[in-house]
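Trainee: Please work from the sequences and hints to get the whole structure.
Just remember that the numbering used here sits 430 ahead of the position in the sequence shown, which is counted from 1.
Derived by calculation from the structure, the hints in this document are not laboratory data.
Just so we're clear, the structure is a prediction, and the values are computed from it rather than from any experiment.
Note that the Cβ used here is the ideal one computed from N, Cα and C, for glycine as well.
Everything hinted at is true.
Label pairs and their calculated CB-CB ranges: (1) P716 <-> E816: 48 to 58 Å; (2) R802 <-> Q748: 48 to 58 Å; (3) Q503 <-> K646: 37 to 47 Å; (4) Y800 <-> A539: 50 to 60 Å; (5) T525 <-> K610: 43 to 53 Å; (6) Q540 <-> D611: 24 to 34 Å; (7) E822 <-> R615: 29 to 39 Å; (8) Q763 <-> K604: 36 to 46 Å; (9) A539 <-> V589: 21 to 31 Å; (10) S750 <-> K610: 43 to 53 Å; (11) E520 <-> K604: 29 to 39 Å.
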Amino acid sequence: MIQGIVIGIDSHNVSSSLSIQDSLNELKDLARTSSIKIIKSFSQKQKHPVPGTYIGKGKIDEIILFIQENPIQCVLIDDDLTPAQSKSLETAFNTKVIDRTGLILDIFAQRAQTYEAKLQIELAQLHYLLPRLTRLWTHLSRLGGGIGTRGPGETQLEVDKRQLSTRVNHIKKKLEKIQKDRHLRRSKRHQTPLIKGAIVGYTNAGKSTLMNRLTKAAVLAEDKLFATLDPTSRKLKLKQADQVILTDTVGFIQKLPTLLVKAFYSTLEEVTDADFLLHVIDVSHPCFEEFIQTSNQIIDDLKASDKPILYIFNKWDQVSAPNRIKKQIASFQPNICLSAKCDTHLEGFEDAIADLLAPFKKTLTFFIPYKRMDIINLFHQFGHVESIDYNEDVTIKVTINEILAEKIIASLYK
431 MIQGIVIGID
441 SHNVSSSLSI
451 QDSLNELKDL
461 ARTSSIKIIK
471 SFSQKQKHPV
481 PGTYIGKGKI
491 DEIILFIQEN
501 PIQCVLIDDD
511 LTPAQSKSLE
521 TAFNTKVIDR
531 TGLILDIFAQ
541 RAQTYEAKLQ
551 IELAQLHYLL
561 PRLTRLWTHL
571 SRLGGGIGTR
581 GPGETQLEVD
591 KRQLSTRVNH
601 IKKKLEKIQK
611 DRHLRRSKRH
621 QTPLIKGAIV
631 GYTNAGKSTL
641 MNRLTKAAVL
651 AEDKLFATLD
661 PTSRKLKLKQ
671 ADQVILTDTV
681 GFIQKLPTLL
691 VKAFYSTLEE
701 VTDADFLLHV
711 IDVSHPCFEE
721 FIQTSNQIID
731 DLKASDKPIL
741 YIFNKWDQVS
751 APNRIKKQIA
761 SFQPNICLSA
771 KCDTHLEGFE
781 DAIADLLAPF
791 KKTLTFFIPY
801 KRMDIINLFH
811 QFGHVESIDY
821 NEDVTIKVTI
831 NEILAEKIIA
841 SLYK
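Mentor: Encoded structure:
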């Protein structure tokens, strides 16, 4: 296994919900997911990164000494580096330097399973590489002559950039077609009058394990960050013959790179398209409250915070002080505590979803033309028909979730 070190800046940044040590611990988890063993952490207190080198000269000298005395193959940085910072640190440390976005891109590249996910990752990698490519060839461009001539470095840089730009455009066209096909599938799915829920939360919270327990799906569930990249949807049968569609989504993380937000917007679309959210939290983690804050911020950025949300405090079997934790989570309502892996307290899950959706269940009256008896059948299938009268139209009074009723009635006008 490759050995490495992690470096971060303690800037007391209020935009980050984690302390520097917690943030570096998360970077270590990312490293483990990418098969890198971290043997030491370094941090420096400063308000902003040093423009040319990220950290100060004294800290660089300290790290150089450590690298000289230990077999280090890579250095991981807990922020995004500029191409200049990356080059300066690689020169100083004489070893590979990987920033946070580069590491996450590498993990995503390993984890991508579907054709679309692989294209999205490649596109993000190319956007990440382009500005660094310019820096890579800067030293060769100086070899060029005067007016009317172009140096070999400049020529090669232009060739490389043109090839990458061509590939970027090619991938974008492929993704556009895939996205059109997905929108078509989604519109067909909308014709199925089922309420949709999205399982969201911080990475490694146990979302896929919960999905597997509830729906008997075969979603990859590992004790690693970003085990799931591709959205998986399954039907879940609830009590009283109610059914919902659940979709597992990619995990959230603090300092989520903008490149990846754009790359996986299609996955995150499942969150905006859902009727309700199941927010899964690893309650055994000491930073679970900060993880909730990060996840809620991303949900808010997706303009999905107005949806009904059930907080699912997972891994309850690993909690050592349940009474104290219950006081901490009291403000996150509605909630349920369970262990998806051990099947602990799962029996109350269906009731929790029913309670979440209960405010949307109403008794409504509709006037349906005789030629649309299929609509009547759907009301019988998904609601409780209180009364039905056959006059000029069919007058039906039904107790049903209004979200579901809207989906059924929408099919009248298609």
